[in-house]
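For the record, the sequence lines run as chains B and E.
Residue 53 in our numbering sits at position 53 of the first sequence; the count goes up by one each step and never skips.
Residue 376 in our numbering sits at position 376 of the second sequence; the count goes up by one each step and never skips.
Cross-link-like lysine-lysine pairs, in silico, BS3-like; alpha carbons within 25 Å at most:
1. E:Lys115 x B:Lys44
2. E:Lys112 x B:Lys46
3. B:Lys73 x E:Lys86
4. B:Lys29 x E:Lys112
5. E:Lys86 x B:Lys44
6. E:Lys115 x B:Lys46
7. E:Lys61 x B:Lys29
8. B:Lys44 x B:Lys29
9. B:Lys44 x E:Lys112
10. E:Lys86 x B:Lys29
Here are some chain E residues the structure puts well away from chain B; computed CB gaps all over 12 Å:
11. Asp232
12. Thr491
13. Glu497
14. Thr502
15. Phe559
In short, the hints are calculated from the structure, not lab data.
All C-beta atoms, glycine included, are put in the ideal place defined by N, C-alpha and C.
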Amino acid sequence: MNSSQTIRKQVKVQMEEGFHLRPISIVSKLASEAECSVTFIHGKQKADATSTLDLLGLGASNGSVLTIEATGKGSDIFVQELVDLFETSFRNFEDA
Amino acid sequence: MQVIKGVPASPGVVFGPALVLGSEDFRIPQVFVSVDAVETEIARFQAALDAVSDQIEENEKLATERLGSQYGAIFAAHLQLVHDRKLISEIETLIREHHFSPEFASSRVLRKYAKEFQNLGNHYLAERADDIFDLKKRILRHLLGERREELAHLTAPMVVLANNLTPSETARLKKKYVLGFATEAGGHTSHTAILAGALEIPAVVGLGDFLTDVSGGETVIIDGHHGEVIIDPDEETLARYRDSEAKFKSFTERMNLLHDLSSETKDGIRIQLMGNIEFPEEVEHCTQRGADGIGLYRTEFLYLEKETEPTEEDHYEAYCKVAKAFPKKPVVIRTLDLGADKVARFPDARLEDQPSSVLGLRSIRLSLRNQPLFKTQLRAILRAALHGEIRIMFPLIATMKEFRQAKMILADVIEDLQEQGIPFQKDVPVGMMVEVPSAAILAGEFAKEVDFFSIGTNDLIQYTLAADRSDPSVANLYSPADPSILRLMQTVIEAGEKENITVNVCGQMSSDAKYIPLLIGLGLRRFSVTPHTIPEVKDVIRNIDHKIAVEIAQDALEFDSARDVENFLVGHLKKLCPNLFL
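Just chain B, same shape as in the assembly (with noise of 0.2 Å):
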């Protein structure tokens, strides 16, 4: 697969707090670290997602469907890491 192409993926946040705080600074610090660029959707916004407060703007509550796209070196494996972490430990996020 030509790994440059843009790869886009569809998760669901099940957490009661919605995509919040903490599981958006763990997917903006792994975005920071990936060699491709990240976008996440939900409706008509889109957020970059190495940038927290974009992520946080999005306003995505328990529920929502949100896009990935990735484009770049790795962006199949990066996006397919992302879609795990929303269906096993982003479900039922233990907060303090």
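Please build the complex by placing chain E on the supplied structure of chain B, with the hints as guidance.
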């Protein structure tokens, strides 16, 4: 002229020019910087970010160590915000291209995000706006090199108005410059109110929103007796308060005459009258007023002021100071009671967002889980006990197991000190606070294992009636006069009498004149009160006949509402002590 009602937190009447502490605590000195200063300013901004980042990382470590990784994670998330590339580039662009000062640029950008979040109508995001305001404060603090803020730089006496004062800010208020204060938040037994009483600074809390109507500089009257704040009083009102202030001063003088008289009832029953203190410095207030000792020495101040944990020597010094001031009288030291509203050391910790924190890991539970912390305190207490009549008291005991565990740890400490050949006092009496309903209900069992009880009415009322003592909206539920509380206290006092151990009351209830006859009538012979109320309480004690007190108690127990009990008690107080400043 505006009159606002709140909750009286500390008595006295003062007036003076107002200093308003808003949430925007910083006056931004400069909006623009010169073209050639741009690179220096960018560097200064980055240095501030680095400093804030370090600070947050440290808080994260501390929080994780002390409280667990979920709390540490809150700071980790804040750290991500600080490193947000979009945020940083927006601020730097404003500095580079528009020549804004870093203070103004940061403030602008962060406020924009915060407002966006507030307006999105999403409850969670609105709270994140708070995180952003917080971050802004931190950054500005580093850029401006000041701590909050004008409080430390006052040069003339003023009346301080704020949304809230943290316990550690209250503790640092200097009487010379702070005539009194008033806050929008807070309740009558909130820690800030207790501290105001300890410092003898008139204060009113729980006023609700009023700061938007004040700009600063206008004359404000704080009436700590009636819980009123008057902004911009007219001449007539001002004259009336000047008069009132004079009356209060002469009342205080009258009370001082009581110093040499003993606290006993008319029919000769001796009542021990002790003081509650927060800081070693308050011991003077107690000795000056002829207290019979210290019934409650709150030790939290040792943890509140500092960034790091107090050492054994820090503890030891603080305890010796008080023990030496009262060499032959009991000094009861309460072990760490650190709780949600007292953790001033972690200004960003969203502990108040955690609804169960008051019922969660705090106080003795924290001590039992963190043995090194606990043992440090216990070692210092045992060593200091050589210099006076110290007693140890464990707070928030809810189960027998907790008390026994605490005693076992104490036994370990004794063994350690013996092995190390360090001098200390053996046989230090060990008691507990009765503030959790479970302990009051099982008082009969506990009485067999403790050397004394101290009824902590502040929390006992809170837990029994499930009413937050710092929430003005449920203030009407929170009453020491509630029949349930009276019955619980009766149980505890009787359990104490049966096993022949001393029972003390150390909450705000015992400082309140109207409850004195009732408490004596229930069998209490020892009170620990706010030091400035010692003369007043002594006055009431000297005006009662024990037999009448017993009757009052029996009658009070017949009522089925707190309101009825209160009215009944006030009625009797007026008859017994007509000359009290009511």
